[in-house]
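Protein chains in written order, with my numbering: chain L, 1 to 886; chain V, 1 to 627.
Note that these hints are calculated values from the structure, not bench results.
Hints may contain errors.
[Unchecked claim] Partial pick of chain L residues on the chain V-facing surface, computed with a CB cut under 7 Å:
id, residue
1, Pro481
2, Lys810
3, Ala814
[Unchecked claim] Pair ranges (Cβ atoms, derived):
id, chain 1, residue 1, chain 2, residue 2, range
4, V, Lys188, L, Asp735, 48 to 58 Å
5, V, Ser208, L, Lys501, 49 to 59 Å
6, V, Asp236, L, Pro420, 38 to 48 Å
7, V, Ser339, L, Arg755, 31 to 41 Å
8, V, Ser339, L, Lys111, 44 to 54 Å
9, V, Leu93, L, Glu749, 28 to 38 Å
10, L, Arg755, V, Val139, 51 to 61 Å
11, L, Asp276, V, Ser208, 40 to 50 Å
12, V, Thr302, L, Lys794, 55 to 65 Å
13, V, Gln247, L, Glu312, 29 to 39 Å
14, L, Glu303, V, Gln135, 57 to 67 Å
[As the list claims (entries may be wrong)] Below, simulated BS3-like cross-link-like pairs (lysine-lysine); rule was C-alpha separation at most 30 Å, straight line:
id, chain 1, residue 1, chain 2, residue 2
15, L, Lys310, V, Lys600
16, L, Lys41, V, Lys402
17, V, Lys567, L, Lys249
18, V, Lys326, L, Lys243
19, V, Lys534, L, Lys288
20, V, Lys366, L, Lys266
21, V, Lys200, L, Lys603
22, V, Lys326, L, Lys310
23, L, Lys61, L, Lys158
24, V, Lys332, L, Lys253
25, V, Lys614, L, Lys237
26, V, Lys402, L, Lys228
27, L, Lys190, L, Lys209
28, V, Lys534, L, Lys5
29, L, Lys249, V, Lys326
30, L, Lys310, V, Lys613
31, L, Lys5, L, Lys487
32, V, Lys484, L, Lys359
33, V, Lys567, L, Lys228
34, V, Lys613, L, Lys308
35, V, Lys402, L, Lys447
36, L, Lys390, L, Lys209
37, V, Lys326, L, Lys27
38, L, Lys248, V, Lys326
39, V, Lys613, L, Lys272
40, V, Lys332, L, Lys473
Even glycine gets a Cβ: it sits at the ideal position worked out from N, Cα and C.
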Amino acid sequence: MARNKEGLVLLLDVGPTMYSVLPEIKKVCSMLIQKKLIYGKFDEVGVVVFGTQETDNELTKEVGGYEHVVVLRNIKVVDGDLVDAFQELPRGNFDGDYLDAIVVGMDMLIKKYQATNKGKKRLCLITNALCPIKDSCEGTKEDQVNTIAAQMSAHGMKMESVIVRGRLCGGGDQRIMAENDRLLNLFSEKTSARAVYVESPTALLGAVKTRNISPVTIFRGDLELGSKMKIKVWVYKKTSEEKFPTLKKYSDKAPPTDRFATHEVKVDYEYKSVEDPNKVVPPEQRIKGYRYGPQVVPISSAEWDAVKFKPEKSVKLLGFTDASNIMRHYYMKDVNVFIPEPGNARAALAVSALARAMKEMNKVAILRCVWRQGQGSVVVGVLTPNISEKDSTPDSFYFNVLPFAEDVREFQFPSFSSFPASWQPNEQQQEAADNLVKMLDLAPSAKQEALLPDFTPNPVLERFYRHLELKSKHPDAAVPPLDETLKTITEADPDLLSEKKNVIDAFYKSFELKENPRLKKSSKRLLEKKPSGSDEDYRDTTNALAVKPVKVEKIGDSSPVQDFEAMMSRRDSPDWVGKAIQDMKNKIYSLVENSYDGDNHGKALECLLALRKGCILEQEPKQFNDFLHHLFNVRQEKKLRNFCESLIPKGLTLISKSEAIDSSCSWRVRFALNLKGIIFYIYIDRLLLIISEKWNCSGLDYEYKAVNLAKGEQFSTEFEQLNPLRYVPVLVDGDVVVSDSLAILLYLEEKYPQRALLPDDPRRKALNLQVASVVCSSIQPLHMLALAKSIEEKVGPEEGLLWAQSSIEKGFFALEKLVKDFATRFATGEALYMADVFLAPQIATVVMRFNIDMSNFPILSRVYESYKTVPEFRASSPEAQPDAGS
Amino acid sequence: MELDPDDIFKDDEDDPDSEFYQQRESSKEFMVYLVDASPKMFSSTCPSEDGKEETHFHIAISCIAQSLKTQIINRSYDEVAICFFNTREKKNLQDLNGAFVFNVAEREYLDRPTARLIKDFDCIEESFTKDIGSQYSIVSGSRENSLYNALWIAQALLRKGSAKTADKRILLFTNEDDPFGSIKGVAKADMTRTTLQRAKDAQDLGISIELLPLSQPDEEFNVSLFYSDLIGLEGDELAQFMPSAGQKLQDMKDQLRKRMFTKRIVRRITLSIANGLSIELNTYALIRPTLPGAITWLDSVTNRPLKTERSFICADTGALMQEPAKRYQPYKNDNIMLSVEELSEIKRVSTGHLHLLGFKPLSCLKDYHNLRPSTFIFPSDKEVIGSTCIFIALLRSMVNLKRFAVAFYGSSSRPQLVALVAQDEIISAGGQVEPPGMHMIYLPYSDDVRHVEEIHSDTNAGAPRATDEQIKKAAALIKRIDLKDFSVFQFANPGLQRHYAVLQALALDEDDMPEINDETLPDEEGMARPGVVKAVGEFKLSVYGENYDEESDTGNGKASDASKKRKTAAENAAKESANYNWPDLADNGQLKDLTVTELKYYLTAHNLPVTGKKEVLISRILTHLGK
């Protein structure tokens, strides 16, 4: 590590003309140091400011001169103090001489490293170069620069100058600026120096390289133009995403007293057999498999090695083609650059000739590349010329990877011309758009291009490092807001917007946007901005008008279901319900009676469905059940067979009813079955639930038999065999028998994944299981009748109820806390999940039997109100179950 | 060295968690192949590509076999059934005569193709006469109508699934253009009518029937005799049908193995333009690197799938723990703790939508402004009426003015600047080549761009620049090697095709590995044309001069230190390696007594990888020695 350390001297102009950009300079320098603290802990940094009133540097002591240059910090290893040092950057009141500063910086580097650390010595100058440098007695300014540049090359130093210009530095003497520019460019020509000009604070933040990554070639070798000619090239990455740092996981298990604790977390992977979760398969016994249709084909690494595609390392030209043939959006990955082999003048000539010819002819080259031996895949890509503007830099190529046939998805999209006329912009709209595109210009000719990728810093990383710094001082610091300067990256520049306000307004007025009124209110909205309040109000009143109840007095022919529902919901007299049910029965009967060849059956089914629902809601199951029996009885004589057979798949079964003793267990199972839409049947006191697909197809006969069987003794014994405990529900699904409600629910969840009762998010899933478990193990057992009875016997007659109440209340407090952050409509969010399946019957039972004051549990009361509106829940209540005794 | 085939194809920058790369299959295709197995199919032949005569039956069978092999990779969720008609034996759920549904164990009649099905189907010709038998059963006197039966069976099989979610097709292979030719009078009319009615019923149920007719060399299949009515051809379609059918047959055989994806919106976003004006857009992934399917780890003893379990262990105490909610970053001799919520808060610099920042001329979009595959955006009026209109207006302006839009895309994984490049629709004879819309190109930040060109700047002399003469020669060369009809995605990925081929060979126990044609290799023949050779020669002479040896001239050696070092190491290793009698050591099992350094001499000397544990090194040496 240490031998790669970089020695850097920052040369900062703090003269009066620089005041406006000093905040940005502070930011960018802090960022640079912060990154070094993480990625280059051994790098050494010195800071020199110039344009100060004071003078403090070694050269002035040794040889005199070099005034107004202060060494703020000598070259030493980066540390936290340095970050702070930038916060108190002095403000100078003299015109700084950047050349003096450069010499001071060089002197520091030379004294510190002498001849060592070659190529890792760097000067970074930030100035506006508005002030002239002093004349010297030793020749012209050019000569001075030449001498200094020669020294720089001799010591293997690099220099980076960031020159602040444009609106950032105000006006300046054009002549001096031109001279300084010439001098600074002379550095670029004579030594490894780079000068960049920035005109906005954002660009200043982006212009300084805050992280040094030593480039590594991905290929060195021949670019083959056929078999006859080769050009030696080196290939580097030109762009590569600087990732958000991967943070380590923190373990808090070590005792706080352990000062040597690493707090690291090791992540271990174990491979286990799917059938036997206790069996761990050792790594050498694993083999990779790939899917081939429904099967998985195992392929060992050795086998794979023997047969896989093994292209030879090479970079071959396939040919040239028109640049317009390669659309920009086909570039697949980050970009590589092909540079001629360093020092090989002929290779540089060959690349230069090709690149310039391609540029002139507007052609690009297609290459096939295998970067290294044993790579296993080839890359086809496009080579585009990169003509160098700097004399010392050779011409090169950019290389972009292109997709293969397999990588392109040929989705079809409608032509714009096929859209309706209202979607097509008219002439006036087109003009407004033209103006907007023209005027909202980020690259006006007079100014520097805004948001040039090369000068745009990553706002997220900036924020991360700033937050890190804040946290290092105050561990509880909140995440800071995005830096103001960087907001011009994430949002449109307000200056530009206000400057072009009339164009934007014209555009705004030319087009009309409105929300689609046909969308349901509940659907997730994309628009952050809601339309103005008046629109909202208007819609509400129209809706209200639409649903304004018309008093329905009889069931008509056109919309019997709606009529029935309207009648059922009339609350002005209790008689309406009875009348509605009776009318509906007559309607259904007449529909079925007068049906010719089943043409009315559909309508009749709809009515029957509505009737069943209504009867459940109004707790009139007998009305419906009797009617259904009646229908079946008459079906033999009246050719209604077809009709009756179509009832079962529609869920038109008898409404069941039963009294419950301690029913929340089986209640919750019924609730879950209803939610999942599984047709099931109940034998014996709602305790034995049977799922059968057979009933879906074989009609009612089977079911009737089942009901009859349920009355018989043989089923009771069978039930006892299945379920020795007797007080838990038992689910029979084919030949699978599961008892205990939690086990049943988990089984259902696995077997019938439709309408999942456990959310995917592990957090919510765990929460659901917790609620279930609390209900199952910490509440319900404590108020079991048997337990209460035994307490009453042993302690006292009142104690049973008290005991139950206290244990329930304790449990409910816990539940209330548990769901507090999640409960909205239901206990864990907007949808019904397992927690609700457990909670709903539990609350219902408890409210009925134990006289619990639910006002202590606002959340539970609220969700309970929601449960009452859920039809599946009501249908699963004990009251709605078939009367096993009758 | 353990090679992970997934790694080989993996893009370094791929983030497997990013929803970008997730794919999902949804809508399915159900297909029933109906193959005429009448004696005529066996007696008629066509010359094949390599000049041999092939029976029509063979053509149909090999076509289906090819198609199945492609399908199992491309769309393995689709379901197929294969039914022969005009057979001696019968096998079908309806117990109809003259039709035989081919199937293998562990599979329903209409089901996803399995390796077993493909394998057994590959050798069906050998057992056909014995097990199924060919017999033309539509003859006068019998009331049998095997074509009718076949359609009935196919329709019954396709009853599965709803027509909304599945595409249902019947593909009929026959060379009999007049199936009821041998029958006369009322019987013929009756059979024709019922068969056509059966076909119509199927079509009414949303099943499409396609015909793949096989013509005799001397007599073309006459569609108009019967089948034009069955598949519902009229007018111009009739004339077009035969040529297109031939093409279809060819296409079925030559399909590229390519995983198919259904069109799916990656995300619905808004583009906010200014003043709160936001339009609605859908994004699509049109170009994404296709990787070989996911790896399933298997137990090599039982070949049963394994499941991976992850556990977190505290490095200090060794305690098993839950996934920790805190992360830390060492900074200034301290560990700075950050919660997961904090981290996502840091990344949330903008809403998850697009914010328009302005426009720039297309010339500002440099070739190196790229990081990832682009994303396609298309407008939608689903929620915000008027979005499409604004989008089209902007798109046209951008195309006309040759400008692109710069926007900030605040995605949660990596918020960044994007270029929106407008693309007009391009339609060719074959259909839409480029859909109309904008392509979102992900732009790098300053820290993502590297100034590598300048590393090797020669400050003393200035870089060599080509003279006009040299550029002219280069231009002549470029003109010579011009790929006129180059299309971006004309090449299949040879690595991926090889992977699929190997998978197929292993799954079907094929003996030899099929060779994959690497289309990406340069056209050696074209390159050797005298014109090209001459142009290359002239260019070479002009830039390299005479007597230039490319191999020996390796730059000024400044940067080849590393390679020199490597070279010396290799030479040294070769020297050291010569001191051992490797075959002897191997035979006597003494390799394990050597040190790893010693073992590496051999490996380096023979240019073998030197990674891995000692046992791995030894086994590699043994393999290389051929033991």
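Verification of the supplied hints:
1. Pro481: violated, 9 Å
2. Lys810: This interface hint is violated because 26 Å lies over the 7 Å limit.
3. Ala814: violated, 20 Å
4. V/Lys188 - L/Asp735: 48 to 58 Å: holds, 54 Å
5. V/Ser208 - L/Lys501: 49 to 59 Å: holds, 58 Å
6. V/Asp236 - L/Pro420: 38 to 48 Å: With Cβ atoms ~30 Å apart, the hint is violated.
7. V/Ser339 - L/Arg755: 31 to 41 Å: holds, 34 Å
8. V/Ser339 - L/Lys111: 44 to 54 Å: Distance hint for serine 339 of chain V, lysine 111 of chain L holds at roughly 46 Å.
9. V/Leu93 - L/Glu749: 28 to 38 Å: Roughly 34 Å apart at Cβ, these two residues keep to the hinted range, so it holds.
10. L/Arg755 - V/Val139: 51 to 61 Å: At 56 Å between Cβs, range holds.
11. L/Asp276 - V/Ser208: 40 to 50 Å: With Cβ atoms ~47 Å apart, the hint holds.
12. V/Thr302 - L/Lys794: 55 to 65 Å: holds, 56 Å
13. V/Gln247 - L/Glu312: 29 to 39 Å: holds, 37 Å
14. L/Glu303 - V/Gln135: 57 to 67 Å: violated, 45 Å
15. L/Lys310 - V/Lys600: Status holds; Cα separation ~23 Å.
16. L/Lys41 - V/Lys402: violated, 47 Å
17. V/Lys567 - L/Lys249: violated, 42 Å
18. V/Lys326 - L/Lys243: holds, 19 Å
19. V/Lys534 - L/Lys288: violated, 51 Å
20. V/Lys366 - L/Lys266: violated, 43 Å
21. V/Lys200 - L/Lys603: Given pair lysine 200 of chain V, lysine 603 of chain L holds - Cα atoms ~29 Å apart, limit 30 Å.
22. V/Lys326 - L/Lys310: violated, 44 Å
23. L/Lys61 - L/Lys158: Satisfied, since the Cα-Cα distance of roughly 26 Å is no more than 30 Å.
24. V/Lys332 - L/Lys253: holds, 23 Å
25. V/Lys614 - L/Lys237: violated, 34 Å
26. V/Lys402 - L/Lys228: violated, 41 Å
27. L/Lys190 - L/Lys209: holds, 21 Å
28. V/Lys534 - L/Lys5: violated, 51 Å
29. L/Lys249 - V/Lys326: holds, 6 Å
30. L/Lys310 - V/Lys613: Given pair lysine 310 of chain L, lysine 613 of chain V holds - Cα atoms ~24 Å apart, limit 30 Å.
31. L/Lys5 - L/Lys487: violated, 34 Å
32. V/Lys484 - L/Lys359: Since the Cα atoms of lysine 484 of chain V and lysine 359 of chain L sit roughly 18 Å apart, the hinted pair holds (cutoff 30 Å).
33. V/Lys567 - L/Lys228: Roughly 26 Å between the alpha carbons, so the hint for lysine 567 of chain V and lysine 228 of chain L holds.
34. V/Lys613 - L/Lys308: Within the cut-off at roughly 23 Å; holds.
35. V/Lys402 - L/Lys447: This hinted pair holds, its Cα atoms lying about 19 Å apart.
36. L/Lys390 - L/Lys209: The given pair, whose Cα atoms are some 20 Å apart, holds under the 30 Å limit.
37. V/Lys326 - L/Lys27: It holds: about 28 Å lies between the C-alpha atoms, which stays within 30 Å.
38. L/Lys248 - V/Lys326: holds, 9 Å
39. V/Lys613 - L/Lys272: holds, 25 Å
40. V/Lys332 - L/Lys473: holds, 11 Å
In this structure, the earlier hints numbered 1, 2, 3, 6, 14, 16, 17, 19, 20, 22, 25, 26, 28, 31 are contradicted, and the remaining ones agree with it.
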